[in-house]
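Engineer: This is what each chain is made of:
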Amino acid sequence: MVSQTWYLALAAFVFSCGLYAALTRRNAIAVLIGIELMLNAVNINLVTFWRYGSMAPMEQLSGQVFSLFVIAIAGAEAAVGLALIISVYRTRHTVNLDELDMLKG
Amino acid sequence: MEQVTIGELGSILPELILLTGGLLILILDMVQSHGTADSGISGRGFMLIAVLFLAVGSVAVILQFDAEQQLALSMIMVDKFSAFLKVVIYVGMTLVAIAGGGYMNRRMVGHGEFWMLFMFVTIAMSFAVGAADLLMIFLTIEFLSITSYILVGFLRTDVRSTEAGVKYFLYGSVASSVMLFGMSLLYGASGSLNLAEIAAAFAASPERSLVIVPATLMMLVGLGFKTSLAPFFQWTPDTYEGAPTPVTAYLSTASKAVGFAVMARVLVVGLGAFQASWVPILAGLSMLTMFAGNLMALRQPNVKRMLAYSSVAQAGYILLGLVAVVDSSHGNFASLTNNGLNGVLIYLFAYLFTNIGAFMVIMLVEEATGSSDISAFEGLSQRAPGMAWGMFIFLLSLTGIPLTGGFMGKFYVFGATVQHQYYTLAVIAAINAGIAAFYYLNVVRAMFFTEAEQDEDGKALPLSGQGFAPATQLIVLVCVAVTLWLGVYPMSLINWASDASQNLLTIVF
Numbered sequence: 001m002v003s004q005t006w007y008l009a010l011a012a013f014v015f016s017c018g019l020y021a022a023l024t025r026r027n028a029i030a031v032l033i034g035i036e037l038m039l040n041a042v043n044i045n046l047v048t049f050w051r052y053g054s055m056a057p058m059e060q061l062s063g064q065v066f067s068l069f070v071i072a073i074a075g076a077e078a079a080v081g082l083a084l085i086i087s088v089y090r091t092r093h094t095v096n097l098d099e100l101d102m103l104k105g
Numbered sequence: 001m002e003q004v005t006i007g008e009l010g011s012i013l014p015e016l017i018l019l020t021g022g023l024l025i026l027i028l029d030m031v032q033s034h035g036t037a038d039s040g041i042s043g044r045g046f047m048l049i050a051v052l053f054l055a056v057g058s059v060a061v062i063l064q065f066d067a068e069q070q071l072a073l074s075m076i077m078v079d080k081f082s083a084f085l086k087v088v089i090y091v092g093m094t095l096v097a098i099a100g101g102g103y104m105n106r107r108m109v110g111h112g113e114f115w116m117l118f119m120f121v122t123i124a125m126s127f128a129v130g131a132a133d134l135l136m137i138f139l140t141i142e143f144l145s146i147t148s149y150i151l152v153g154f155l156r157t158d159v160r161s162t163e164a165g166v167k168y169f170l171y172g173s174v175a176s177s178v179m180l181f182g183m184s185l186l187y188g189a190s191g192s193l194n195l196a197e198i199a200a201a202f203a204a205s206p207e208r209s210l211v212i213v214p215a216t217l218m219m220l221v222g223l224g225f226k227t228s229l230a231p232f233f234q235w236t237p238d239t240y241e242g243a244p245t246p247v248t249a250y251l252s253t254a255s256k257a258v259g260f261a262v263m264a265r266v267l268v269v270g271l272g273a274f275q276a277s278w279v280p281i282l283a284g285l286s287m288l289t290m291f292a293g294n295l296m297a298l299r300q301p302n303v304k305r306m307l308a309y310s311s312v313a314q315a316g317y318i319l320l321g322l323v324a325v326v327d328s329s330h331g332n333f334a335s336l337t338n339n340g341l342n343g344v345l346i347y348l349f350a351y352l353f354t355n356i357g358a359f360m361v362i363m364l365v366e367e368a369t370g371s372s373d374i375s376a377f378e379g380l381s382q383r384a385p386g387m388a389w390g391m392f393i394f395l396l397s398l399t400g401i402p403l404t405g406g407f408m409g410k411f412y413v414f415g416a417t418v419q420h421q422y423y424t425l426a427v428i429a430a431i432n433a434g435i436a437a438f439y440y441l442n443v444v445r446a447m448f449f450t451e452a453e454q455d456e457d458g459k460a461l462p463l464s465g466q467g468f469a470p471a472t473q474l475i476v477l478v479c480v481a482v483t484l485w486l487g488v489y490p491m492s493l494i495n496w497a498s499d500a501s502q503n504l505l506t507i508v509f
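Just so you know, the protein sequences line up as chains B and Z, in that order. What the first sequence shows, in this note's numbering, is residues 1 to 105, in sequence order. What the second sequence shows, in this note's numbering, is residues 1 to 509, in sequence order.
Among the hints, a few may not be true.
[Claimed, not checked] So, partial list: chain B residues that the calculated Cβ filter (under 7 Å) puts toward chain Z:
1. 20
2. 21
3. 42
4. 45
5. 86
6. 89
7. 91
8. 93
9. 102
[Stated by the list, open to error] Across the chosen pairs, the derived CB separations fall in these ranges:
10. Z:424 x B:1: 19 to 27 Å
11. B:78 x Z:507: 31 to 39 Å
12. B:59 x Z:435: 54 to 62 Å
13. B:65 x Z:435: 46 to 54 Å
14. Z:418 x B:98: 24 to 32 Å
15. B:59 x Z:200: 15 to 23 Å
16. Z:435 x B:69: 42 to 50 Å
17. B:24 x Z:299: 37 to 45 Å
By construction, these hints were calculated from the structure, which means they are not laboratory data. Glycine residues also receive a C-beta, built at the ideal position from the N, C-alpha and C atoms.
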């Protein structure tokens, strides 16, 4: 059986990749992908803690339920985010964050 | 298993009223969109429905002041603390809806959606201040964030609004993902999502508390984003400047109050035993926030942008109150009756009226002159004396001059800081209040001591236009009256705020 540590390490790795992408990429879509990676890393964490956590009995499904909510929220967030990115593309013809510089000071 | 009963629904009556209003607007909008664009209910009609339901909701909040209940498997608390903040939220949203409705209706693409989202964002905030469970906190904060992203970018043909929306969305989603990771760590170490159970789990097995510092830091990223604290404030000026002004007005007041309320509940109820870990973090953030906000605000030529940086600085002052919940001499919670948390509540209440008023004056000037640069305010005392005096009172209150509500907030927050012996923080706060006076009074100088544009007879041109709607002027008047009233006769607010703060803090005594 794979130990808890491996799952947590995987989650931490995926989260770091997502954060790195979100902070360094200049393309709004790439940043959005980074955000999705971060949310999925949290899901790995939650399910791992539910499966291996010794603090609560496994019949308490809080970790599982939380991860289902995270999946739903991630979907809503992506929908709104893409809509905003499309509306910016329509007026500016770019999704490069460095070129979105009307508001500055 | 606990059952959710019909009786419990009474405690979420204010939210149910808003939900009804929001859905009603949605349905009416859908039904009428089959006709031609000009027929049916106009934006003004939807605005009236929204204002009506918000007002009824406010009454419902006031009626259930003394309610004390846990709802939905203890995920939501209805208590005095949340009641105080609900009043802040409902009153704030009602003021914004009345004052800013005209502005929105003139610019809007659709008719009903804005008002529906406006109601839903109020519901999200109303649940968030009572959330006592990590899942509920995440859901309400995300509900608030996602609806706010849409409202910020609502003017979809306006370049500035859409850009502000995208920036707000990207910063916000990264911050809330980090917060979520912190939550998952807390869940892993304690095996529970409920704040009170988390506190009990850590008390039972202290060796697990290793996770507290990273988890707190990560959660503060998300909440610090909502309240625009220092390392996470870069979105604030861009979003405040680009968003429709009514949206800015509520983002800087009600939404910020929600951030502080959730922060207080998580830190006191969930992590109360670990104040030694989070007090230094908050103190550091507060110092950084005050300096960052004030120093950036000094060099802003645009008044809306300046107020955005000023709201960053104000968040730093408010955070001082949260630090001063704990006494530094014995490193434990200060007395129940005498601590910084009631200062936080008084500050948030006074700041609500001051800042909404200030943004509404900016909105009027923007509508009449087409600009919110400081040059647009030159000679405002001759062009629109009423609005200039209103802005004068708001700026005094933001500076913290006695006889205004802002002074009372600062007095209680700074007072608690000194009393619980954070002398360095108090000195830094005083220096910052001094710096802030420069840029606030610069607007006063522009309004009162520079010449206005003149017509050929040498008379100042009066400001006019559609923006000078009587509704907006009325709200500015209300905000002036409340700001002064809180400064002159603050006793009722102080008693009420200290009741509310004691209600939250009893859990750690």
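Engineer: Hints first: check each against the structure and report whether it holds.
Structural biologist: These are the hints, each one checked on the structure:
no., hint, verdict
1, 20, "11 Å, violated"
2, 21, "10 Å, violated"
3, 42, "5 Å, holds"
4, 45, "4 Å, holds"
5, 86, "9 Å, violated"
6, 89, "9 Å, violated"
7, 91, "5 Å, holds"
8, 93, "11 Å, violated"
9, 102, "6 Å, holds"
10, Z:424 x B:1: 19 to 27 Å, "52 Å, violated"
11, B:78 x Z:507: 31 to 39 Å, "38 Å, holds"
12, B:59 x Z:435: 54 to 62 Å, "57 Å, holds"
13, B:65 x Z:435: 46 to 54 Å, "48 Å, holds"
14, Z:418 x B:98: 24 to 32 Å, "45 Å, violated"
15, B:59 x Z:200: 15 to 23 Å, "19 Å, holds"
16, Z:435 x B:69: 42 to 50 Å, "43 Å, holds"
17, B:24 x Z:299: 37 to 45 Å, "28 Å, violated"
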